[in-house]
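The whole structure should be built from the sequences, with the hints applied where relevant.
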Amino acid sequence: MLVNEIMTRQVVAIGPDTPIRDVQRLMEQRNIRHFPILEERSGGGADRLVGIVSDRDLRLVGADHPRAKADVGALDPVRSVMVAPVLVAHPEDPIEETAKTLRDHKIGAMPVMDDGRLVGIVTGIDMLDALISMSGVRGASSRLEVELVDRPGALAGLLDRVASRNVNVSSVMTSRADEGSVAFVLRVGTADGHGLASHLRGLGYNVLWPPEAPEA
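So for the sequence shown, our numbering puts the first residue at 1; every next one is plus one.
Bear in mind the hints are in silico, worked out from the structure with no lab data behind them.
A few of these clues could be false.
Label-pair ranges, simulated between beta-carbon atoms [what the hints assert, rightly or not]:
#1 E147 to E92: 32 to 38 Å
#2 R30 to G180: 22 to 28 Å
#3 D160 to N31: 46 to 52 Å
#4 A213 to R103: 16 to 22 Å
#5 S171 to Q29: 20 to 26 Å
#6 G139 to V83: 36 to 42 Å
#7 K106 to G45: 31 to 37 Å
#8 A13 to A163: 47 to 53 Å
#9 D17 to D150: 36 to 42 Å
No more than 16 Å apart at the CA atoms, straight line, and that leaves these computed lysine to aspartate or glutamate pairs for EDC-like [unchecked claim]:
#10 K106 to E96
#11 K106 to E39
#12 K106 to D178
Where a beta carbon is used, it is the ideal one built from N, C-alpha and C, also for glycine.
This is the structure:
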């Protein structure tokens, strides 16, 4: 899945000289947490991305906080609190790489730029929505976690065993990787996750989830 599949395309951007008070009001009215900041180019062409501001940045205005700028007030331009330079994404970036950038830099959003133009914005919420979609959890299904030896064909063998029970697999993810082994999380199209897990345990698989049902 790529950034252009999950990003917000109708981006609300503001100018760097917009008063902080107006930005705060606009955030409340639009229920938006991040604004890219664009500045007109003197020679024409697409506006230039010069910064980004979040609701967290604005909450520091006038606050008693080590990060707050004591000389900045609600009537000052937003350029006085914006974050610059800006980390940006490209529409064709894989979402997992973008998610890692968001996490590594502890930021909540990234403007999406294509050929110098602002074409969207992607947020942490977008990433969570993508995870839900990719995991297949929206439909009726069960979660199956199985530890396999890290060797070619191990996952294919497991999938064959699941298919032999006439059960479809809608997603496969990795939960952890230890020395010589990998734990795979499968979203399987059956409500009887315990029954499938019991079958796989009988074949010698190390099923981590669901747990074995207690004996009656």
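A quick look at each hint next to the structure:
no., hint, in the structure
1, E147 to E92: 32 to 38 Å, "34 Å, holds"
2, R30 to G180: 22 to 28 Å, "51 Å, violated"
3, D160 to N31: 46 to 52 Å, "48 Å, holds"
4, A213 to R103: 16 to 22 Å, "36 Å, violated"
5, S171 to Q29: 20 to 26 Å, "38 Å, violated"
6, G139 to V83: 36 to 42 Å, "39 Å, holds"
7, K106 to G45: 31 to 37 Å, "33 Å, holds"
8, A13 to A163: 47 to 53 Å, "49 Å, holds"
9, D17 to D150: 36 to 42 Å, "56 Å, violated"
10, K106 to E96, "15 Å, holds"
11, K106 to E39, "25 Å, violated"
12, K106 to D178, "27 Å, violated"
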